[in-house]
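K.L.:
Sequence order for the protein chains is A and B.
Here the first sequence stands for residues 1 to 111, numbered as in this note's numbering.
Here the second sequence stands for residues 1 to 113, numbered as in this note's numbering.
Please keep in mind that the hints were generated in silico from the structure rather than gathered at the bench.
Any given hint might turn out to be false.
Dumping the calculated DSS-like pairs for lysine-lysine here, alpha-carbon to alpha-carbon at most 25 Å [what the hints assert, rightly or not]: (1) B:Lys-109 to B:Lys-5; (2) B:Lys-17 to B:Lys-37; (3) B:Lys-38 to A:Lys-42; (4) B:Lys-44 to A:Lys-3; (5) B:Lys-44 to A:Lys-67; (6) B:Lys-17 to B:Lys-44; (7) A:Lys-67 to B:Lys-109; (8) A:Lys-3 to B:Lys-5; (9) B:Lys-5 to A:Lys-45; (10) B:Lys-109 to B:Lys-11; (11) A:Lys-3 to A:Lys-56; (12) A:Lys-3 to B:Lys-37; (13) B:Lys-17 to A:Lys-42; (14) B:Lys-37 to B:Lys-5; (15) B:Lys-109 to B:Lys-37; (16) A:Lys-42 to B:Lys-5; (17) B:Lys-63 to B:Lys-11; (18) A:Lys-42 to B:Lys-109; (19) A:Lys-45 to B:Lys-37; (20) B:Lys-63 to B:Lys-17; (21) A:Lys-67 to A:Lys-56; (22) B:Lys-17 to A:Lys-45; (23) B:Lys-11 to A:Lys-42; (24) A:Lys-45 to B:Lys-44; (25) A:Lys-42 to B:Lys-44; (26) B:Lys-38 to A:Lys-3; (27) B:Lys-17 to B:Lys-109; (28) A:Lys-3 to B:Lys-11.
A few chain A residues that face chain B, going by a derived Cβ cut-off under 7 Å, partial list only [unchecked claim]: (29) Trp-35; (30) Ser-43; (31) Pro-44; (32) Leu-47; (33) Ser-49; (34) Phe-61; (35) Ser-92; (36) Arg-97; (37) Ala-98; (38) Leu-99; (39) Phe-101; (40) Gly-102.
Every residue gets a Cβ at the ideal spot worked out from N, C-alpha and C, and that includes glycine.
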Amino acid sequence: QQKVQQSPESLIVPEGGMASLNCTSSDRNVDYFWWYRQHSGKSPKMLMSIFSNGEKEEGRFTVHLNKASLHTSLHIRDSQPSDSALYLCAASMQGGRALIFGTGTTVSVSP
Amino acid sequence: DTTVKQNPRYKLARVGKPVNLICSQTMNHDTMYWYQKKPNQAPKLLLFYYDKILNREADTFEKFQSSRPNNSFCSLYIGSAGLEYSAMYLCASSGGSNTGQLYFGEGSKLTVL
Numbered sequence: 001q002q003k004v005q006q007s008p009e010s011l012i013v014p015e016g017g018m019a020s021l022n023c024t025s026s027d028r029n030v031d032y033f034w035w036y037r038q039h040s041g042k043s044p045k046m047l048m049s050i051f052s053n054g055e056k057e058e059g060r061f062t063v064h065l066n067k068a069s070l071h072t073s074l075h076i077r078d079s080q081p082s083d084s085a086l087y088l089c090a091a092s093m094q095g096g097r098a099l100i101f102g103t104g105t106t107v108s109v110s111p
Numbered sequence: 001d002t003t004v005k006q007n008p009r010y011k012l013a014r015v016g017k018p019v020n021l022i023c024s025q026t027m028n029h030d031t032m033y034w035y036q037k038k039p040n041q042a043p044k045l046l047l048f049y050y051d052k053i054l055n056r057e058a059d060t061f062e063k064f065q066s067s068r069p070n071n072s073f074c075s076l077y078i079g080s081a082g083l084e085y086s087a088m089y090l091c092a093s094s095g096g097s098n099t100g101q102l103y104f105g106e107g108s109k110l111t112v113l
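Chain A extracted, bound-state conformation (with noise of 0.2 Å):
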């Protein structure tokens, strides 16, 4: 069993739009979350972390996090079409260098 789940599989968002990503972990042992992005044909690269309950912002990005569902999200504000990419949400238990990875969430934004 995936230990990692994102949902949408997929998302089409208009160009200036709201993009929610969302990321559970089956693992009660998972104290870190992750999101990386991939564009078409790159490597994945981190996009933010988040290891506090709550939220945290860094430009048009958010993340936010419950610990106690082991639940987090991410949401892209005024979606721009180079943020059209794979976004993939990984796991890690607390001073745990092995991230565990979900399928990831699809980005589209549609001029």
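Since chain A is already given, all that's left is putting chain B on it; use the hints.
P.N.:
Showing chain B alone in chain A's frame:
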């Protein structure tokens, strides 16, 4: 420079033949990883080296071997390739206090025929 380099970028192998993939990084990172990525599947962690200590996932323990002769290099070795090994193999490294920030290479695409 945050570059992780992988060689070869493309590899064609026959069933039953060995495959060796190479990864290098110049960031002096203490940890190097190998992930297997198949279409529409999550990147699957195969193994990682923390310094000289190799950690292998239980379900891939016998299928993949690795070596890290020095801090900069890490290899992934398949002794006898099967059709199910066809995939993209991603190498990554991380270091310092931000252990979850992985820097990925461009990948090595393995096709087994």
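K.L.:
Hint numbers the structure violates, sorted upward?
P.N.:
7, 8, 13, 22, 28, 29, 32, 34
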